[in-house]
Structure formats: structure tokens, C-alpha cells
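K.L.:
Sequence:
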Amino acid sequence: MEGLWKNENFHDTHNQEFMNRLISVFVAGLLATGCGEYSPRQAAEEAGLKKIEEKSAPFDHFYFQRAFPDTDVDFAAMERSLKQAKAFAIADISKSTDGPWTELGPVNIGGRINCIAVHPTNQNIILTGTAGGGVFKTSDAGATWAPLTDDLSYLPIGHIAFDPVNPSTIYVGTGDVNISGTVWIGNGLYKSIDDGLTWNNIGLVENRIISKIIVNPDNPSQVFAGTMGVPFERNEDRGLYRSNDGGDSWEQILYISDDSGVIDLAMNPDDPSVLYAVFWNRIRTSFESVASGDEAGIYKTIDGGDTWVELTNGLPVGPMSRIGIKLWEGDPNVLFAEYVGTDFQLQGIFKSSNAGASFTEINTGSLPFGILGGFGWYFGKIGVSPYDQDEISLLGVDIFTTFDGGNNWEMSAPTWSAYQVHADKHAIEYLSPDEILLATDGGLYRTTDGFQTWSDADRIPNTQYYRVTTNPHIPAMVLAGAQDNGTTFGFTNEPDEDHIRFFGGDGFTAIVDPEDPTLVYTSTQNGNFYFGFTDFETFADWNLLDFGIDQNDRVNWDAPIVMDPIDNSVLYTGTDRIYKMENAPFGVWNPISPVLVDPSTEFFTRRNVSNIAKSALQNQLIYAGTTDSKVWVSQNDGGTWTEITAGLPQYYVTDIKASPFAPATVFVSFSGYRDYDSTPHLYRSTDYGASWEPITGDLPEMPINHVEIYDPLTYFIATDNGVYATTNGGTNWERLGNNMPFVVVLDLHIEPTQNVLIAATYARSMLMYSLDEFDIVSSLSGPGRPVQMSIFPNPARGMVDLANAGKELRAYEIYSMAGKMVKAGNFPSASSKLQISVADLAAGTYIAVMYDSKGEKAATGKLIVSPY
14 MEGLWKNENF
24 HDTHNQEFMN
34 RLISVFVAGL
44 LATGCGEYSP
54 RQAAEEAGLK
64 KIEEKSAPFD
74 HFYFQRAFPD
84 TDVDFAAMER
94 SLKQAKAFAI
104 ADISKSTDGP
114 WTELGPVNIG
124 GRINCIAVHP
134 TNQNIILTGT
144 AGGGVFKTSD
154 AGATWAPLTD
164 DLSYLPIGHI
174 AFDPVNPSTI
184 YVGTGDVNIS
194 GTVWIGNGLY
204 KSIDDGLTWN
214 NIGLVENRII
224 SKIIVNPDNP
234 SQVFAGTMGV
244 PFERNEDRGL
254 YRSNDGGDSW
264 EQILYISDDS
274 GVIDLAMNPD
284 DPSVLYAVFW
294 NRIRTSFESV
304 ASGDEAGIYK
314 TIDGGDTWVE
324 LTNGLPVGPM
334 SRIGIKLWEG
344 DPNVLFAEYV
354 GTDFQLQGIF
364 KSSNAGASFT
374 EINTGSLPFG
384 ILGGFGWYFG
394 KIGVSPYDQD
404 EISLLGVDIF
414 TTFDGGNNWE
424 MSAPTWSAYQ
434 VHADKHAIEY
444 LSPDEILLAT
454 DGGLYRTTDG
464 FQTWSDADRI
474 PNTQYYRVTT
484 NPHIPAMVLA
494 GAQDNGTTFG
504 FTNEPDEDHI
514 RFFGGDGFTA
524 IVDPEDPTLV
534 YTSTQNGNFY
544 FGFTDFETFA
554 DWNLLDFGID
564 QNDRVNWDAP
574 IVMDPIDNSV
584 LYTGTDRIYK
594 MENAPFGVWN
604 PISPVLVDPS
614 TEFFTRRNVS
624 NIAKSALQNQ
634 LIYAGTTDSK
644 VWVSQNDGGT
654 WTEITAGLPQ
664 YYVTDIKASP
674 FAPATVFVSF
684 SGYRDYDSTP
694 HLYRSTDYGA
704 SWEPITGDLP
714 EMPINHVEIY
724 DPLTYFIATD
734 NGVYATTNGG
744 TNWERLGNNM
754 PFVVVLDLHI
764 EPTQNVLIAA
774 TYARSMLMYS
784 LDEFDIVSSL
794 SGPGRPVQMS
804 IFPNPARGMV
814 DLANAGKELR
824 AYEIYSMAGK
834 MVKAGNFPSA
844 SSKLQISVAD
854 LAAGTYIAVM
864 YDSKGEKAAT
874 GKLIVSPY
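Just so you know, this note's numbering puts 352 at position 339 of the sequence shown, and the rest follows in order with no gaps.
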């Protein structure tokens with residue numbers, strides 16, 4: 014506990030106040046837990062339950078955003094939205110905003126990889142399938158990687174298979190096979206006959222999640238595909254499918270029920286008419302989770318799929334969760350099966366030496382209790398060395414291996430908390446007896462000495478980011494919060510360099526104090542806020558920033574925390590009401606609003622404040638949005654609140670922006686899918702929310718996740734299908750950039766010094782776009798008025814000339830990009846050229862305004878103050 018306040022920056026009385034509050038909370042915690050015995054088993058069970066909730070929370074958050082006010086996401090609307098976005102992009106290709114996005118990484122802090130496929134004759138060629146970012150390929154054993162499927166509409170990948178006879182033919186099954194977190198569906202099976210250069214959809218579109226693909230090595234035209242169906246609903250588009258013509262046509266050859274599908278599949282390579290198919294009961298919405306059932310089991314065919322029998326001899330009976338199987342390559346009559354029970358813990362590992370006629374249980378007694386962390390439905394995979402059937406690996410939060418057939422098990426990679434090999438293992442592939450690849454929630458890893466040491470095996474930018482910002486003192490430093498990967502920082506001018514994780518958990522908002530470059534705020538899931546002092550080389554202790562918040566309040570998964578743009582010692586956050594902290598970070602949170610959400614019991618726990626906006630132009634102006642579609646305004650710093658929802662749609666509020674240019678102007682964006690509903694997802698008000706106008710113009714119908722205001726007429730939005738821009742106030746929109754795949758973008762940030770837009774994607778890490786082609790047209794000179802000002806030099810550091818030919822100038826004003834006046838001056842005599850000093854201004858982008866001798870606005874322009 015001592016380390017929580019030992020930092021030297023905790024000065025004077027703040028230090029003592031902080032210690033007193035911390036001790037009070039610590040003592041209260043001791044009293045609450047009591048002094049009774051607390052067994053390791055109880056601890057493991059509670060930890061398992063907590064892990065289940067944590068693993069489901071991102072999905073619940075993502076799903077609820079897009080479903081509200083309904084219980085389920087409208088899948089037809091989701092698909093229609095993507096098709097419209099694709100068509101819009103094709104029509105948009107010749108427009109001006111077609112420059113490239115630059116990858117910012119990170120490539121060292123990876124996202125989830127679901128599957129690995131190794132070329133059958135060249136182990137330097139490896140393909141990986143990511144949870145939402147498509148297929149990546151290396152031809153040099155992992156030194157470099159490149160995306161193969163960016164032109165596809167759906168980028169969650171469930172499985173990849175090479176044609177064993179002609180490896181230039183590759184099959185890719187779309188859809189997230191692990192059906193957790195944010196459920197990403199796919200649109201069937203894709204085939205390439207040119208090593209992945211081009212792809213054709215070959216069907217199974219309605220099956221949505223392809224779990225396993227096997228090509229008959231004796232007859233490559235025969236392909237089998239296991240499918241899980243749409244996880245949102247019960248339907249018959251599930252089970253096992255067979256094609257006898259290379260995917261031109263398909264037939265369903267095994268179906269059990271409308272809530273179960275095939276999660277694993279194996280074929281005897283010596284006799285391809287023998288296959289094993291594994292069924293799993295799985296339904297997942299934000300209000301229903303089925304992850305076990307009576308249909309869970311292993312089925313076998315000996316006639317290529319015409320008839321099937323269930324294998325039961327020696328296997329568990331009754332409802333089960335996920336099952337994983339593995340044929341031993343040394344003898345395909347040897348079959349291993351891992352069973353997960355209805356408690357989502359390991360039920361057992363079983364082995365058959367007679368092609369499934371009977372099974373015996375492998376000894377797992379030396380495995381730790383709760384080895385799967387209470388969410389075995391997320392794993393269900395085992396590995397068996399093709400060189401030794403007694404070398405078996407169990408994939409879970411950590412990886413455990415036995416080298417003697419189960420008598421002894423040992424952890425075979427560093428524990429996840431060491432951050433050397435990421436938590437949550439999903440696939441394992443042997444390249445040799447000692448060289449092994451391991452796919453995790455944090456990328457691909459390799460051992461070359463039989464599990465003794467591990468190293469990163471991929472440089473793939475597929476981190477799932479929630480939030481992004483930059484350091485105002487080091488403009489090139491990008492800070493971002495990632496799903497399951499904490500909070501990281503890297504640099505825009507070093508896109509290939511590794512990023513550094515400086516805080517764990519699920520990362521969200523980070524803030525660097527604009528006056529103290531060592532003071533950093535960061536946040537994790539469910540509104541856990543922290544602060545610390547750092548020079549970004551050595552990190553001080555982190556301190557919890559929750560004093561004063563009622564722990565019974567309902568809090569968003571991605572709870573807002575906002576720094577007042579006028580007073581950096583003031584912070585705001587939201588639960589189901591708004592809190593304010595003065596004297597941050599040593600102050601106390603105080604509520605400044607009533608509960609702002611509907612008291613309805615429907616969706617009760619998920620009704621909370623999703624967004625807060627504090628005006629940079631009007632000191633006491635605050636806006637708030639909620640998950641249940643309410644928007645509020647206070648013009649007296651929270652003294653009173655007025656609901657301004659009238660005229661807005663009933664969708665989840667994803668963002669609110671108080672205009673940095675006009676005090677009464679505010680923007681609000683919404684999520685939500687509803688088929689054949691043309692309700693816009695972006696609105697603007699010019700009268701503090703008393704009235705609203707939609708500003709989606711010709712934009713395709715899609716959820717909008719974030720809004721950035723570049724100037725009074727130029728806005729950028731992050732959507733479920735990429736980033737879009739308008740330069741005429743929302744009348745017309747263009748898809749920004751010519752190389753961003755159709756991925757979900759959750760956050761945007763404008764870095765003014767470099768004049769770039771940074772996008773936080775939920776599948777492909779971070780991307781950056783130059784805004785040099787955009788000109789600021791300030792509302793101070795009227796909408797649409799051309800920029801007439803000459804600014805030289807620009808960027809500037811010391812003196813700068815402001816000129817406007819043909820007009821006499823009498824005064825000037827300089828505004829920050831937040832709309833705050835930072836400099837102004839009057840001149841005794843009129844002139845067409847003014848020289849001013851900007852040496853006292855911080856590096857960044859500003860708006861310069863000039864006035865003529867009559868006091869009228871003569872011109873505006875963008876001024877960049879260089880840090881050098």
C-alpha cells in the first residue's frame with residue numbers, strides 16, 4: 014500500500030488528504046470481506062466468475078450500443094449498411110479525399126489471432142486469421158507480414174486451409190469462431206487460386222461463422238466446412254457442409270439443432286472418408302448466452318459424410334460446453350478430445366487409440382484447479398505433437414503441456430501476467446519437434462526450443478483500440494487504450510517502432526495534463542480511473558481516482574472522463590449522473606446532476622452516461638448523452654439540467670461535441686441498426702439543443718461512433734465502416750482515404766501541429782491521415798468564404814507576417830483549435846500587412862483572424878506554430 018502515495022509530486026496537504034481517503038477505503042474493504050477462512054478454491058471460483066463477466070463485457074457493450082432500444086441487433090440492417098458503404102466507396106473513388114492512410118501500429122502489441130495455416134511444402138509461408146482484421150501472410154517465416162483480404166467486406170476470420178495438392182489454392186472462412194467479446198459475423202467462404210492475390214466468395218453466406226475447413230487430399234474438389242450459423246438467432250443455417258466441386262455448390266450433410274453448430278472438424282488423411290465433427294450449443298446476444306447444451310458431442314462418418322454416428326464410449330454424458338479434437342498425425346486412429354463442462358471449466362481430456370470406438374481419460378490431476386479460468390467456451394483447443402503422441406498441450410488462459418501422456422503437466426510458456434506471452438491461447442502448430450507457433454489474444458508467438466523460451470512471431474497491426482489521443486507536450490506521441498491490451502504509447506514519426514504498454518487491463522481514455530507534462534490520467538473498464546506522474550521513461554506508481562463516486566451507480570464499460578478545456582484542474586465523469594472534480598488529481602468527485610437516465614427496469618443496468626462534452630467557449634456549458642438516447646445540457650456548471658432529446662432518434666448516444674467555433678453549436682452522434690429505417694445518426698444544433706437538424710446528407714446509413722470538428726464546415730466521423738469527411742457542413746460526405754479496409758473505427762483525434770487525423774480501429778490498430786488538403790474556413794469569416802489571408806512563414810516560431818492584399822487591416826485575433834482566444838492586438842494605423850510575434854504560443858495549430866479599419870472581419874487563415 015505504501016507505493017500508492019510515495020510519489021514526490023504528492024505535495025503538502027494533498028498528500029495527507031489522499032492518504033486518509035485511501036486508508037478509509039482500505040479499512041472498509043477489510044471490514045466488508047470479514048475475517049473468515051477464504052479457501053484457494055473459493056478464490057479460484059470467484060476469479061473464474063469475474064473472468065466470465067470480463068470476457069463477456071466488451072461484447073455486451075458493443076452489442077447493446079448497436080441494438081438499443083431493441084434486444085437484438087438487426088442483422089439485416091447491419092448487412093445492408095455494409096453493402097451501402099461498399100457501393101458508396103466505389104462511387105466515391107474519384108473524389109478528392111482519396112489519399113492514403115499510414116499505419117501507425119503497433120505491430121508488437123497484437124490483437125487476437127484465431128487460426129494459423131502453414132504452407133504444406135514451404136514453412137516460411139504462414140497465414141494467420143485475425144478476429145476482425147482479416148488474413149495476414151508472411152513469406153519469410155514471420156519477419157514481414159502483409160494483409161491479403163482488405164478488399165473483403167467481412168474481415169473476422171474463423172479458419173484458413175491450403176489445398177494440400179495445389180497450395181496456391183487457399184480457402185478462408187469468415188466469422189469469429191470464438192463467438193465472444195464482440196461477435197463478428199462473416200459472409201461465408203472465400204477461395205483464392207492465385208496464392209491469395211484475389212478472392213471469390215463461394216457460398217455459405219448465410220452460415221456466417223465458418224469454424225473449420227478441410228480439403229480432401231485425395232480429391233481436392235471435395236471440401237468440407239463446419240459452420241456455427243448466426244450467433245444472434247436460432248436457425249437451421251448451421252452444421253456441416255460438403256462441396257464436391259471446389260465450392261461451386263454445397264449440401265448440408267449434418268445438422269443437429271437450431272442452436273448448435275460444428276465447432277471443430279478432423280479428417281483421417283489416410284482415409285478421407287473418415288471424418289469427425291464436433292457440435293456446440295451457442296447463442297449469444299446481449300441478453301442471452303447459451304454456451305452449453307445436450308447437443309454437444311462428437312460425430313463420426315466412415316462414408317464421407319453420408320451417414321453419421323455419435324461417439325459415446327468412455328466420453329462424458331449430459332450437457333456439455335465446447336469440445337476440441339485432434340487427430341495424431343503419427344497414427345490417425347489416435348484421437349484426442351478436450352471437454353469443457355457446463356461450469357466452463359475443464360471436464361477432462363480423453364484419448365482413443367481405435368478411431369473413436371472407445372476413449373480413456375487422460376490424467377489431468379496435476380493441472381491447477383480452474384485451469385480454463387471459468388471460460389472454457391472461449392478455448393476448446395488442444396495440441397498434440399505430430400512427433401510424439403504423449404506431448405499434449407492444453408490451451409487456455411495459459412498453456413500447459415504434458416510430455417508423458419498426462420502423468421505430469423507443466424506450464425509451458427510464461428504466465429500471462431508476465432506479458433511475455435499474451436493471455437488466452439487459441440491455436441497451436443508444430444513446424445518441427447521443437448519449433449512451435451502459438452496464437453493468442455495478443456498475437457503470434459514462437460518457440461524454437463520445445464517450449465523453453467518464446468518470442469514474438471508476428472508484426473501484425475491488428476490491435477483493437479477504443480480511444481486515441483496525443484501528448485500536447487510531445488505532439489508525435491500517440492496514446493491509446495486497447496481491448497485486453499491496456500494503454501500504450503508510440504510515435505507518429507516512428508510507425509514501425511514498437512509501442513510501449515504503460516498500463517494494463519482494458520485501456521480506454523488517456524489524458525496528459527496540458528500544463529504538467531508528467532501528470533497522466535488513464536482509465537480501464539467500468540470507470541476505473543487512475544493518475545500518475547511519469548516522464549514516459551520511468552513510470553511512477555498509479556493511484557486510483559475514484560474518491561466520492563457512489564459505488565452503487567451504474568457505470569459504462571467505456572466510462573467518460575473529460576478534462577475541462579478551460580481549466581485543466583477540473584475533471585468530469587459520468588455514471589448514471591454527472592460528477593465533477595476540482596483540484597484534480599487530488600480532489601474528490603462530487604455529483605452535479607440528478608440521475609439522467611430513464612428509470613425503466615428494461616435494460617436497467619445498462620442505462621448510464623455514455624458521453625460528456627464541456628464547452629471551450631462558454632465556461633459553465635456542459636452536455637451529456639446517455640446509453641438510452643437522452644441528451645442533456647447545463648448552462649450553469651451542473652446547477653440545473655435540461656433535457657434536449659426532442660427531435661433526436663432513440664439510439665445509443667456515442668459522442669457529443671461542443672463546437673470550438675460557435676458557443677451555441679453542438680453535435681451529437683448515435684449508434685444503432687434498424688432495417689429500412691433512414692433515421693440519421695448525426696445531428697447538429699445551433700441553439701444549445703433547443704432544435705436539431707440532421708447533417709448526414711448523402712452518407713450511407715450506419716452507426717457513427719465519434720465526431721471530430723476540424724473547422725465550422727469540415728467534420729470527420731468514425732463509423733462501423735471506416736472514416737468519412739464532409740467539407741460543407743454535412744450536406745455531402747466522402748469516405749476518407751483509399752486504403753482503409755471496412756473495419757470498425759471507434760475514435761478519432763486531430764493532432765494540429767502535424768495536421769493529421771489519427772483513427773483508432775477495433776481491428777487494425779491505428780491509422781493516420783494527412784489533413785494538408787483541408788483548409789480551415791472559420792465561421793468567423795462566414796460559412797463558405799474563401800481563405801484570403803497570407804501567413805508567412807508558416808509554420809512559424811518567432812515573428813510572422815499576416816497579410817491580406819487589397820484591404821487595410823487594423824486588428825487581429827488568434828484562436829486555439831478549441832476556439833479559445835489566445836492572442837489579440839490593435840494597430841494605430843491601417844496597413845495591409847501586420848507583423849506579430851508567436852514566440853509566446855505553444856506549438857500547435859491556430860486560427861488567425863484579421864479585421865479591417867471598420868472593424869469587420871477581413872480574412873482568416875490557419876497558423877501553425879512550430880515547436881522548433
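These are computed hints drawn from the structure, not numbers from a lab.
Cβ coordinates follow ideal geometry from the N, Cα and C atoms, glycine included.
Some hints here could point you the wrong way.
[Unchecked claim] Pairwise CB distance ranges, derived in the manner of DEER restraints:
1) Ser879 with Thr551: 24 to 30 Å
2) Ser366 with Ala156: 53 to 59 Å
3) Ala436 with Asp207: 19 to 25 Å
[Claimed, not checked] The calculated lysine to aspartate or glutamate pairs, modelled on EDC-like cross-linking and capped at a C-alpha distance of 20 Å, are:
4) Lys313 with Glu301
5) Lys836 with Asp814
6) Lys339 with Asp261
7) Lys204 with Glu249
8) Lys204 with Asp283
9) Lys150 with Asp208
10) Lys313 with Asp356
K.L.:
What are the numbers of the hints that this structure violates, sorted from low to high?
P.N.:
2, 3, 4, 6, 7, 8, 10
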